[in-house]
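Asker: Sequence:
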Amino acid sequence: MASTLDPISRFQHLLHHAKMLIASHGPYTTYPGTTVLTRAAHARENIRPASTRTLAKSFAAAQDSASSAQPDGPAKDDLRLFQAVWEATIRALEKLIQDGNLDHESFGWGIYGLSSGYLPYLASENSSADDMFHSYRKRLHDALRILPRLNSSSNESETVSSPGAERVHNLTTARRHVHIFANLLCQKIGGNWENLRWWHAIAVVERWIGKLGLAREPVTLTMEKNVGEELSSHDSRSPLSF
Numbered sequence: 002m003a004s005t006l007d008p009i010s011r012f013q014h015l016l017h018h019a020k021m022l023i024a025s026h027g028p029y030t031t032y033p034g035t036t037v038l039t040r041a042a043h044a045r046e047n048i049r050p051a052s053t054r055t056l057a058k059s060f061a062a063a064q065d066s067a068s069s070a071q072p073d074g075p076a077k078d079d080l081r082l083f084q085a086v087w088e089a090t091i092r093a094l095e096k097l098i099q100d101g102n103l104d105h106e107s108f109g110w111g112i113y114g115l116s117s118g119y120l121p122y123l124a125s126e127n128s129s130a131d132d133m134f135h136s137y138r139k140r141l142h143d144a145l146r147i148l149p150r151l152n153s154s155s156n157e158s159e160t161v162s163s164p165g166a167e168r169v170h171n172l173t174t175a176r177r178h179v180h181i182f183a184n185l186l187c188q189k190i191g192g193n194w195e196n197l198r199w200w201h202a203i204a205v206v207e208r209w210i211g212k213l214g215l216a217r218e219p220v221t222l223t224m225e226k227n228v229g230e231e232l233s234s235h236d237s238r239s240p241l242s243f
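Offset between the sequence shown (1-based) and this note's numbering: plus 1.
Hints in this document: simulated from the structure, not taken from any laboratory. It cannot be assumed that every hint is accurate.
Claimed, not checked - Below, a list of computed lysine to aspartate or glutamate pairs in the EDC-like style, where the Cα atoms sit at most 20 Å apart:
no., residue 1, residue 2
1, Lys96, Glu167
2, Lys96, Glu195
3, Lys20, Glu88
4, Lys20, Asp104
5, Lys139, Glu46
6, Lys77, Asp65
7, Lys20, Asp65
8, Lys20, Asp143
9, Lys77, Glu88
10, Lys20, Glu46
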């Protein structure tokens, strides 16, 4: 059935089943000193939705195990589903970006979130290996911070308190910078999807789908916070610390 669905529906269908597995058998981890995926020691009888931390930890373990041979068993079967979710995530990402229906803020925060899980960025934080990537990322964040917050009823944005002409200038400049630096980062990341942490990409796609009103069920991460800032602030340079 899933193979006949469009990219957005396929992503949601597979992620729904992955979440059910994780809720029952997560958090998934790897055996110490190996990349062999394993379920939690005991399955839950009273299944409740998995926490964001459990989802992040499980997908990180799956990603770390994906390129290694796995012993036969239920965890190996589960890994196949997690890999299918990842492949569907890439297809959904590409479609959402190509369609271009996201507003500047949603697109910008999403790309900023993806950049938080871009492995070369994580590895080069304390070196000059990719100064341009760091610069684009910082300039995108600076511009996004100027724009009024998503779904915010407060007037905390500096643009809101600016005089009329200055506010229009600031907003125009910020939107232009968001467009430029989000697209530059998108070009860099989009050619190297394999360098993304799975959960960062899944979270961004889920948020974008929710923003566009395409979600078939309530998304795990609501639109009350900016996905990019949320992912960035919680990663602490570790893909698991949500």
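Asker: Each hint: holds or not?
Answerer: Hint-by-hint comparison with the structure:
no.: 1; hint: Lys96 - Glu167; in the structure: violated (36 Å)
no.: 2; hint: Lys96 - Glu195; in the structure: holds (17 Å)
no.: 3; hint: Lys20 - Glu88; in the structure: holds (16 Å)
no.: 4; hint: Lys20 - Asp104; in the structure: violated (28 Å)
no.: 5; hint: Lys139 - Glu46; in the structure: violated (45 Å)
no.: 6; hint: Lys77 - Asp65; in the structure: holds (13 Å)
no.: 7; hint: Lys20 - Asp65; in the structure: holds (18 Å)
no.: 8; hint: Lys20 - Asp143; in the structure: violated (34 Å)
no.: 9; hint: Lys77 - Glu88; in the structure: holds (17 Å)
no.: 10; hint: Lys20 - Glu46; in the structure: holds (15 Å)
Comparing the model with each numbered hint stated earlier shows that hints 1, 4, 5, 8 do not hold.
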